[in-house]
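J.: Chains as they are written, first to last, in my numbering: chain V, 1 to 158; chain B, 1 to 158; chain C, 1 to 158.
Just so you know, these hints were derived from the structure itself, not from any lab.
Any given hint could be a false lead.
Identical copies carry no separate label here, and so any pair may be met within one copy or between two of them.
Stated by the list, open to error - The calculated PhoX-like cross-link candidates involving lysine-lysine, where the alpha carbons are at most 25 angstroms apart (straight line), are:
(1) Lys79 to Lys57
(2) Lys147 to Lys2
(3) Lys88 to Lys57
(4) Lys87 to Lys120
(5) Lys147 to Lys70
(6) Lys62 to Lys88
(7) Lys2 to Lys62
(8) Lys147 to Lys28
(9) Lys111 to Lys57
(10) Lys79 to Lys120
(11) Lys57 to Lys87
(12) Lys115 to Lys3
(13) Lys28 to Lys48
(14) Lys62 to Lys48
(15) Lys70 to Lys88
(16) Lys57 to Lys107
(17) Lys88 to Lys120
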Amino acid sequence: MKKRMNLLLFSGDYDKALAALILANSAKDLNLDVTIFCAFWGLCLIRKPDSIKVEEKSLYEKMFGIMTPKGPDELPLSKMNFAGIGKKMLTEMMEEDDAPPLSAFLKGARKKDVKFYACKLSVEVMGLTQDELIEEAIIADSTTYLKDALDSDIQLFI
Amino acid sequence: MKKRMNLLLFSGDYDKALAALILANSAKDLNLDVTIFCAFWGLCLIRKPDSIKVEEKSLYEKMFGIMTPKGPDELPLSKMNFAGIGKKMLTEMMEEDDAPPLSAFLKGARKKDVKFYACKLSVEVMGLTQDELIEEAIIADSTTYLKDALDSDIQLFI
Amino acid sequence: MKKRMNLLLFSGDYDKALAALILANSAKDLNLDVTIFCAFWGLCLIRKPDSIKVEEKSLYEKMFGIMTPKGPDELPLSKMNFAGIGKKMLTEMMEEDDAPPLSAFLKGARKKDVKFYACKLSVEVMGLTQDELIEEAIIADSTTYLKDALDSDIQLFI
């Protein structure tokens, strides 16, 4: 039977999402099944950069939608972000070393069929819709997460 | 044999405690045994809101006790807290969606017999006493944590 | 067969590194094999306090090297650091309770043969060299991490 890894991506930080996606891509290369369950701030990673349907949202949902990052490029660093300076420094250091940026790792993970779940409760509270997320994201509840995690050989909360 | 989930709640953030308790409640509904080992800032979740015995404490312990949150309602957001504005926004968005607040999830977990451990070293360093924690919290050391985690099917550090 | 614990230390915070090392030392006392894979900010824990070879580094790498903590004593708190005041308070509270500081737990873990890996990609991006890390740190990639984690009974992302 294939080994499996399950990541609960709670964080919306650039560096932590990078860690999650590097693990996901490496695990796929080792022929593991990989699930990333995006909850709360972690949903920011799988938001489409350019589609907010503001009309149907409450005031808070609109504000929250505008204040939170949309897609991989907008995520801040978890430490030393310094209004984006620290993040720019990191991404240029990655470029110097020919390490691809977060968006490339996300593309890779999608190509390699990493399964992306979007936490139902988080999606509802934040007022997001399926259209605002990457196409293959499946909206799923905590029971779905737990069943997947129970069947996995590695489970991490990131 | 019953499946088990073990959560090490290190964080004292409202959103992360929410994630832990939602997982704990869902796991109980799936008939899993659930342990939450509260360490460091995570102890703030299981502090009683209204009992500080300041007399027996050192100056640092008194200061620390006053500066740290007491119980679920006082926990800040891990991101965008903005001196409480972000958290108020989130809790109102949860209300709009009929999602219960953190304190309700804590009540649920206690009713469903989630096992709460309080990290002995953290309790001692912070100068907390058993009386300042919810009744069922058992003060336990890292060895107790490790044995419980080894017997568990899911272990997460939150 | 010996039980194993694998910790992915991503955080460079004093309190989280403390949690990781307390778990590592306790697990060793229970006769478990323990691996700590230090990635990103987690590398700061295993940096030598006094060896930066600035000559071979790019400008960004030099800046990053100066701005990030060098070794256990320089790590900040994850919360309430207040420019070091919160951390000083915590370390004095630990002293009052005869709890050893982080550096003592690191020494203990090294003596007990906890295996330290340094994430290859992080080391390269940050421009660190083997000489700047504690002697026994082995530079290893995410595949090495995953294989170790798959063989472990407890895996945590800290």
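J.: Hints first: check each against the structure and report whether it holds.
T.: Now the hints, each set against the structure:
| no. | hint | result |
| --- | --- | --- |
| 1 | Lys79 to Lys57 | between (31 angstroms within a copy, 22 angstroms between copies) |
| 2 | Lys147 to Lys2 | both (16 angstroms within a copy, 14 angstroms between copies) |
| 3 | Lys88 to Lys57 | between (32 angstroms within a copy, 18 angstroms between copies) |
| 4 | Lys87 to Lys120 | between (30 angstroms within a copy, 20 angstroms between copies) |
| 5 | Lys147 to Lys70 | neither (29 angstroms within a copy, 33 angstroms between copies) |
| 6 | Lys62 to Lys88 | between (27 angstroms within a copy, 15 angstroms between copies) |
| 7 | Lys2 to Lys62 | neither (42 angstroms within a copy, 43 angstroms between copies) |
| 8 | Lys147 to Lys28 | both (20 angstroms within a copy, 13 angstroms between copies) |
| 9 | Lys111 to Lys57 | neither (32 angstroms within a copy, 35 angstroms between copies) |
| 10 | Lys79 to Lys120 | between (28 angstroms within a copy, 20 angstroms between copies) |
| 11 | Lys57 to Lys87 | between (31 angstroms within a copy, 19 angstroms between copies) |
| 12 | Lys115 to Lys3 | both (14 angstroms within a copy, 24 angstroms between copies) |
| 13 | Lys28 to Lys48 | within (24 angstroms within a copy, 34 angstroms between copies) |
| 14 | Lys62 to Lys48 | within (16 angstroms within a copy, 35 angstroms between copies) |
| 15 | Lys70 to Lys88 | both (17 angstroms within a copy, 22 angstroms between copies) |
| 16 | Lys57 to Lys107 | neither (29 angstroms within a copy, 30 angstroms between copies) |
| 17 | Lys88 to Lys120 | between (32 angstroms within a copy, 21 angstroms between copies) |
Comparing the model with each earlier hint shows violations of hints 5, 7, 9 and 16; every other hint is respected.
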